[in-house]
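S.K.: Residue numbers (the numbering used here), protein chains in the order written: chain A, 6 to 365; chain B, 90 to 413.
Worth flagging that the hints you see were computed from the coordinates, not collected in a lab.
There may be inaccurate statements among the hints.
Unchecked claim - Covered stretches of chain A (in silico footprint by chain B; criterion: 3 or more residues with CB under 8 Å from a CB of chain B, positions within the stretch not fixed):
(1) 121-132
(2) 174-183
(3) 304-311
(4) 346-356
Stated by the list, open to error - Subject to a maximum C-alpha distance of 25 Å in a straight line, what follows is the list of computed SDA-like cross-link-like pairs (lysine to any residue):
(5) A/LYS360 to A/THR350
(6) B/LYS283 to B/ALA336
(7) B/LYS136 to A/THR161
(8) A/LYS133 to B/ASP110
(9) B/LYS128 to B/ASP241
(10) B/LYS352 to B/TYR396
(11) A/LYS360 to B/LEU369
(12) A/LYS133 to B/GLY163
(13) B/LYS283 to A/ARG357
(14) A/LYS192 to A/VAL82
(15) A/LYS192 to A/ASN162
(16) A/LYS135 to A/ASN162
(17) A/LYS135 to B/GLU199
(18) A/LYS192 to B/ILE143
(19) A/LYS360 to B/LYS283
(20) B/LYS136 to A/ASN162
(21) A/LYS135 to B/GLY163
(22) A/LYS360 to B/TYR363
(23) A/LYS360 to B/ARG367
(24) B/LYS406 to B/LEU383
(25) A/LYS192 to B/ARG140
(26) A/LYS324 to A/CYS105
(27) A/LYS360 to B/ARG285
(28) A/LYS192 to B/ASP135
(29) B/LYS283 to A/ASP353
(30) A/LYS282 to A/ASP292
(31) A/LYS192 to B/GLU119
(32) A/LYS360 to A/GLU339
(33) A/LYS360 to B/ASN228
(34) A/LYS133 to B/ASN185
(35) A/LYS360 to B/GLY196
(36) A/LYS290 to A/GLY207
(37) B/LYS352 to B/ARG213
(38) A/LYS360 to B/ASN343
(39) A/LYS310 to A/GLU295
(40) B/LYS136 to B/GLY275
All values derive from a computational prediction rather than experimental measurement.
The C-beta atom is built at its ideal place from N, Cα and C for all residues, glycine as well.
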Amino acid sequence: MHTVDKPGRLKDSSSSAPQPAALPALTRDQKHGMLRMMVLIRRFEEQAEQAYLRQQIRGFCHVYSGQEAIAVGTESVINRDDAVITAYRDHGHALARGMCPKACMAELLGKATGCSKGKGGSMHFFDKSKHFYGGHGIVGGQTPLGLGLAFAQKYTNTNRVTLCYLGDGAINQGVFHESLNIAALWKVPVIYIIENNLYAMGTSVARSSAGDPLVKRASGYDMAGIVANGMDVDDVRAKTAEAVNLARTESLPSIMEIRAYRYRGHSMTDPRKYRSKDEEEQQRKRDPIEIYKQRLIDDGSITEKDYDDIEASVGAEVKEAYEFALNSPDPELEEVFDDIFAPETQIDEIERRPKWSYGD
Amino acid sequence: MPIITYRQALNQAIAEEMERDDNVFILGEEVAEYNGAYKVSEGLLDKFGPRRVIDTPISEGGFTGLAVAAATYGLRPIVEYMTWSFSLVAFDQIINNAGQVRYMAGGQFEVPMVIRGNSGGGLRVGATHSHTPENWYANVPALTVITPAFPDDAKGLLKSAIRSNNPIIFIENEILYNYKDEVPEGEHLTPIGKARIRREGSDITFIANSASTHRALEAAQTLASQGVEAEVIDLRTIKPLDFDLIAESIRRTNRAVIVEENKPFAGWGAQVAYMIQRHLFDELDAPVIRVASLDAPQPYNAKLEDYLMPSADRVVKAAKAVLA
Ligand SMILES: Cc1ncc(C[n+]2csc(CCOP(=O)(O)OP(=O)(O)O)c2C)c(N)n1
Ligand SMILES: [Mg+2]
Numbered sequence: 006m007h008t009v010d011k012p013g014r015l016k017d018s019s020s021s022a023p024q025p026a027a028l029p030a031l032t033r034d035q036k037h038g039m040l041r042m043m044v045l046i047r048r049f050e051e052q053a054e055q056a057y058l059r060q061q062i063r064g065f066c067h068v069y070s071g072q073e074a075i076a077v078g079t080e081s082v083i084n085r086d087d088a089v090i091t092a093y094r095d096h097g098h099a100l101a102r103g104m105c106p107k108a109c110m111a112e113l114l115g116k117a118t119g120c121s122k123g124k125g126g127s128m129h130f131f132d133k134s135k136h137f138y139g140g141h142g143i144v145g146g147q148t149p150l151g152l153g154l155a156f157a158q159k160y161t162n163t164n165r166v167t168l169c170y171l172g173d174g175a176i177n178q179g180v181f182h183e184s185l186n187i188a189a190l191w192k193v194p195v196i197y198i199i200e201n202n203l204y205a206m207g208t209s210v211a212r213s214s215a216g217d218p219l220v221k222r223a224s225g226y227d228m229a230g231i232v233a234n235g236m237d238v239d240d241v242r243a244k245t246a247e248a249v250n251l252a253r254t255e256s257l258p259s260i261m262e263i264r265a266y267r268y269r270g271h272s273m274t275d276p277r278k279y280r281s282k283d284e285e286e287q288q289r290k291r292d293p294i295e296i297y298k299q300r301l302i303d304d305g306s307i308t309e310k311d312y313d314d315i316e317a318s319v320g321a322e323v324k325e326a327y328e329f330a331l332n333s334p335d336p337e338l339e340e341v342f343d344d345i346f347a348p349e350t351q352i353d354e355i356e357r358r359p360k361w362s363y364g365d
Numbered sequence: 090m091p092i093i094t095y096r097q098a099l100n101q102a103i104a105e106e107m108e109r110d111d112n113v114f115i116l117g118e119e120v121a122e123y124n125g126a127y128k129v130s131e132g133l134l135d136k137f138g139p140r141r142v143i144d145t146p147i148s149e150g151g152f153t154g155l156a157v158a159a160a161t162y163g164l165r166p167i168v169e170y171m172t173w174s175f176s177l178v179a180f181d182q183i184i185n186n187a188g189q190v191r192y193m194a195g196g197q198f199e200v201p202m203v204i205r206g207n208s209g210g211g212l213r214v215g216a217t218h219s220h221t222p223e224n225w226y227a228n229v230p231a232l233t234v235i236t237p238a239f240p241d242d243a244k245g246l247l248k249s250a251i252r253s254n255n256p257i258i259f260i261e262n263e264i265l266y267n268y269k270d271e272v273p274e275g276e277h278l279t280p281i282g283k284a285r286i287r288r289e290g291s292d293i294t295f296i297a298n299s300a301s302t303h304r305a306l307e308a309a310q311t312l313a314s315q316g317v318e319a320e321v322i323d324l325r326t327i328k329p330l331d332f333d334l335i336a337e338s339i340r341r342t343n344r345a346v347i348v349e350e351n352k353p354f355a356g357w358g359a360q361v362a363y364m365i366q367r368h369l370f371d372e373l374d375a376p377v378i379r380v381a382s383l384d385a386p387q388p389y390n391a392k393l394e395d396y397l398m399p400s401a402d403r404v405v406k407a408a409k410a411v412l413a
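Model the full assembly from the supplied sequences, consistent with the hints where possible.
M.R.: This is the structure in structure tokens:
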């Protein structure tokens, strides 16, 4: 049996026990950049919530508030050309990847200038140039895709790795387990990052998932399992570095469970009746942004004034993104038929004969 | 021209395309060491090694998703299902991931992959193992659905499918695997999305695919001895549908029977029949009749299964009704 009472490594006998990776100390600029990115994600989504209430954003919109340290911390230990893929709560990962806030906001508003040309929406952000492979709306559906990205990275000898994020609720999907098995069997350099925010919609993790910690599921597949504190970006960094090191140097997959809290509702329409205000207030006291800000002030990396400057510049950037989105055009109606088929290059173009309509 | 089986034609196509492009690889249950549950991948492991001929665990959802993402990353996977009936546990990966990812990303990714395997009834394997899924997948806008009936098309279409930059649903038929015919050696590409007239006739048009093409041809033989000349169109590709050829034929014959193995409700023939009445109403001298499987699960008992499936006899009867 595994017991993990505090974040750490699973004490198991698997062959692939992760080693603490030598993490170079962060420069002041890097720390400042991480803090700023967490603030950018928070403020970007606050703006999105406003736009949602004005019905400029429709459908589903899942915000990341409380989990920012996970995207930012994990991102900080991988390279630009590594691959990232996640579920529908994807704004934070996209921004942390370096995707343009304007294109992200425009996507939320369904505009032609959006990162998926207005065809994806909140749940389906993509940016090939940033190696960001989405944005996936089916719970757990992205987990074999993460496996496949890492498989292709290995097949083509790139020495790159893939981070595949999923929620605590998603771990109970069958394809996740199929993917874990294949990843371990074939030594595919994918790191599954379970973002345990304690809830899958209104179902607490205690009501959905047998086994605590969730990362114990790694041991059945002889994989390393690592638990990190998702409210502490430095802990996320350190633990992710171990997993990335295993993937990069030994082509071994692993599972991380990073524990955090989802401050807002599951989506914009969730009244959060399944948990108490008191619980939420307690969790607010360990806000990842507040914790990191204070740490940087304490170690002399930044001053209160520096933080105010971050807020000001982030505020301006978010405002600019929002205005860009508002002023961008909708896609043209004819574009509904664009982007279905890739042009052929090795065979003649396939005739699709639009004159013989399948419908009306 | 060499005469080989439909199975060997498929094998040739895969081997030639793997020879041509290192990004092409095949994965599935028993494809490597066992040489394929139906021997379509025979010899490939010896030729190309385990990096490119990959035995998977029994995890259709997992390895289909793997292939979709590998395709978006630039590889050209061939996924083999032991039979298409087992694709049901990978439905989400096929439809939501292979089928939607390019569109949802505003066209940023290509998904150059082929998903293939056998299908169809008549093998006495009961309701779970006898599906003909062409209509399920043809309902997904981004998927191309191919169902070859003859060895030359099996080879030529599979080679084209592997070279396509789009996700291709390639549905073979187990009862055709041993069918022998002439197949060109080496480079032989059949265009995707083009139907083919397999028998010319001026009295009535039969529109069929896969094993049903052979049923239609048999019916045409019978009718010929009774003085009726039926034209038989093998669709080859279900989607995109080659309605140009269908229209050209019906303008000459003014009568049509559709022969398909799908169950009748929303089988692919329903779409074709709709389009004939929508686009060619004035050309018709009689209502179109569909000969499909009966609307019941596939029974194990041989008499029952034969009764349920489309047959040359039923096609002859339908043709007589249309000609009456
Ligand atoms: C296959 C599937 N079933 C159900 C849903 C509806 N749904 C969307 S998110 C969600 C909860 C998932 O929770 P979790 O995995 O913990 O991720 P979180 O929302 O906490 O980020 C559900 C049930 C879905 N999108 N896909
Ligand atoms: Mg959750």
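S.K.: Taken at face value, is the distance from the CA of A/ASP353 to the CA of B/LYS283 at most 25 Å?
M.R.: 12 Å, holds
S.K.: For the pair we were handed, A/LYS192 and A/ASN162, check the Cα-Cα distance against 25 Å.
M.R.: 13 Å, holds
S.K.: Going straight from one Cα to the other, do A/LYS360 and B/ASN343 come out at no more than 25 Å?
M.R.: 21 Å, holds
S.K.: Below or equal to 25 Å on CA atoms is what counts here, so check A/LYS310 against A/GLU295.
M.R.: 15 Å, holds
S.K.: Go check the stretch 304-311 of chain A versus chain B for me, would you? Three or more residues, Cβ under 8 Å, otherwise it fails.
M.R.: As far as the stretch 304-311 of chain A goes, the hint is violated, because 0 residues have Cβ atoms under 8 Å from chain B.
S.K.: Below or equal to 25 Å on CA atoms is what counts here, so check B/LYS136 against A/THR161.
M.R.: Answer holds: B/LYS136 to A/THR161 is near 19 Å, not above 25 Å.
S.K.: Is it true that the CA of B/LYS136 sits at most 25 Å from the CA of B/GLY275?
M.R.: Holds. B/LYS136 to B/GLY275 sits at ~17 Å (cutoff 25 Å).
S.K.: Given as covered by chain B, does the stretch 346-356 of chain A meet the bar of three residues or more with CB within less than 8 Å?
M.R.: holds (count 10)
S.K.: With a cut-off of 25 Å on the C-alpha distance, tell me whether B/LYS128 and B/ASP241 pass.
M.R.: With a Cα-Cα distance of about 18 Å, the restraint between B/LYS128 and B/ASP241 holds, given a limit of 25 Å.
S.K.: Would you mind confirming whether the straight-line C-alpha gap from A/LYS360 to B/TYR363 stays at or under 25 Å?
M.R.: At roughly 15 Å apart (the allowed maximum being 25 Å), B/TYR363 and A/LYS360 satisfy the hint.
S.K.: Given the hinted pair A/LYS360 and B/ASN228, is their Cα-Cα distance within 25 Å?
M.R.: 19 Å, holds
S.K.: Can you confirm whether the C-alpha distance between A/LYS360 and A/GLU339 stays at or below 25 Å?
M.R.: With Cα atoms ~15 Å apart, A/LYS360 and A/GLU339 stay inside 25 Å; holds.
In summary, the structure is inconsistent with hint 3 from the numbered list given earlier, while agreeing with all the others.
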